[in-house]
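Trainee: Sequence:
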Amino acid sequence: MADDSWEPAARRLGVLRVIDANRNRATEGLRVVEEYCRFVLDDAHLTHRYRALRHELTAALADLPLAELAAARDTPGDVGTAAQPLPATGARTSPRAVATASSERAKQALRAIEEYGKTLDPGAARRVEALRYTLYTLEKAWLNTTDSRERLSHARLYVLIDAGPSEAAFVARVRRLITAGVHVLQLRDKACDDRTLVSRARLLRQL
1 MADDSWEPAA
11 RRLGVLRVID
21 ANRNRATEGL
31 RVVEEYCRFV
41 LDDAHLTHRY
51 RALRHELTAA
61 LADLPLAELA
71 AARDTPGDVG
81 TAAQPLPATG
91 ARTSPRAVAT
101 ASSERAKQAL
111 RAIEEYGKTL
121 DPGAARRVEA
131 LRYTLYTLEK
141 AWLNTTDSRE
151 RLSHARLYVL
161 IDAGPSEAAF
171 VARVRRLITA
181 GVHVLQLRDK
191 ACDDRTLVSR
201 ARLLRQL
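In my numbering, the protein residues as written are 1 to 207.
Careful, some of the hints might be misleading.
[What the hints assert, rightly or not] In silico DSSO-like pairs for lysine-lysine, Cα to Cα no more than 30 angstroms straight-line: (1) Lys118 <-> Lys140; (2) Lys107 <-> Lys118; (3) Lys140 <-> Lys107.
[Stated by the list, open to error] Using C-beta positions, here's what the derived DEER-type ranges look like: (4) Ala70 <-> Glu35: 22 to 32 angstroms; (5) His154 <-> Arg205: 14 to 24 angstroms; (6) Ser199 <-> Ala67: 56 to 66 angstroms; (7) Pro8 <-> Ser94: 41 to 51 angstroms; (8) Ala67 <-> Lys118: 13 to 23 angstroms; (9) Arg151 <-> Phe39: 16 to 26 angstroms; (10) Leu177 <-> Thr119: 51 to 61 angstroms; (11) Pro8 <-> Ala70: 12 to 22 angstroms; (12) Glu56 <-> Ser148: 21 to 31 angstroms; (13) Pro165 <-> Tyr133: 43 to 53 angstroms.
The hints are simulated quantities; they were obtained by calculation from the structure and are not laboratory data.
Note that the coordinates shown come from a computational prediction; the quantities given were computed from them, not determined experimentally.
Glycine residues also receive a C-beta, built at the ideal position from the N, C-alpha and C atoms.
Take these sequences, add in the hints, and give me the full structure.
Mentor: What follows is the structure in structure tokens.
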């Protein structure tokens, strides 16, 4: 049966139920990642960004009929709540795995809100789309931070180096240290000018 044969009120109710369920799912997922950034990474900036994103989601949906959203909620009648979870659904082997799963859940929920929201409020859908792309950026940031922390935790040899008398000498010394098995190199040179220091830092990242 074609979609247009449905009663408009029934279609609207169905869309509101989708948005309501996924708004809750997105908020919960964002909160889990926020807690990871706060307590596991101890990163105030990312914690603030995730908290702000939750509030921005609420603001993005402010023009939708929130009273109707609440009325559309029908957990006992939701056929999805009775579905059996996939075998791997509950597998969480580390805090990172918990945050990763929750981030993925939030992204999927935002996409569902965006797509179904287009049928009720295209403006709200566009705002949610922007939040979804913001979430991609934030996810990359905390994953990079996590990777850096994990690499640092496995480092056994940590060496401070200065900028050296020349770029060639700096590169040669860095390569010798890496070959010797140094895990972490930190560039520190109070006597070096900012421009040279930045140039050396970029070289160090490439090496």
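Trainee: Run every hint past the structure and note whether it holds.
Mentor: Do the hints match the structure? See the list:
no., hint, result
1, Lys118 <-> Lys140, "27 angstroms, holds"
2, Lys107 <-> Lys118, "17 angstroms, holds"
3, Lys140 <-> Lys107, "13 angstroms, holds"
4, Ala70 <-> Glu35: 22 to 32 angstroms, "26 angstroms, holds"
5, His154 <-> Arg205: 14 to 24 angstroms, "19 angstroms, holds"
6, Ser199 <-> Ala67: 56 to 66 angstroms, "59 angstroms, holds"
7, Pro8 <-> Ser94: 41 to 51 angstroms, "48 angstroms, holds"
8, Ala67 <-> Lys118: 13 to 23 angstroms, "21 angstroms, holds"
9, Arg151 <-> Phe39: 16 to 26 angstroms, "21 angstroms, holds"
10, Leu177 <-> Thr119: 51 to 61 angstroms, "60 angstroms, holds"
11, Pro8 <-> Ala70: 12 to 22 angstroms, "20 angstroms, holds"
12, Glu56 <-> Ser148: 21 to 31 angstroms, "27 angstroms, holds"
13, Pro165 <-> Tyr133: 43 to 53 angstroms, "45 angstroms, holds"
Checked against the numbered hints given earlier, the structure satisfies every one of them.
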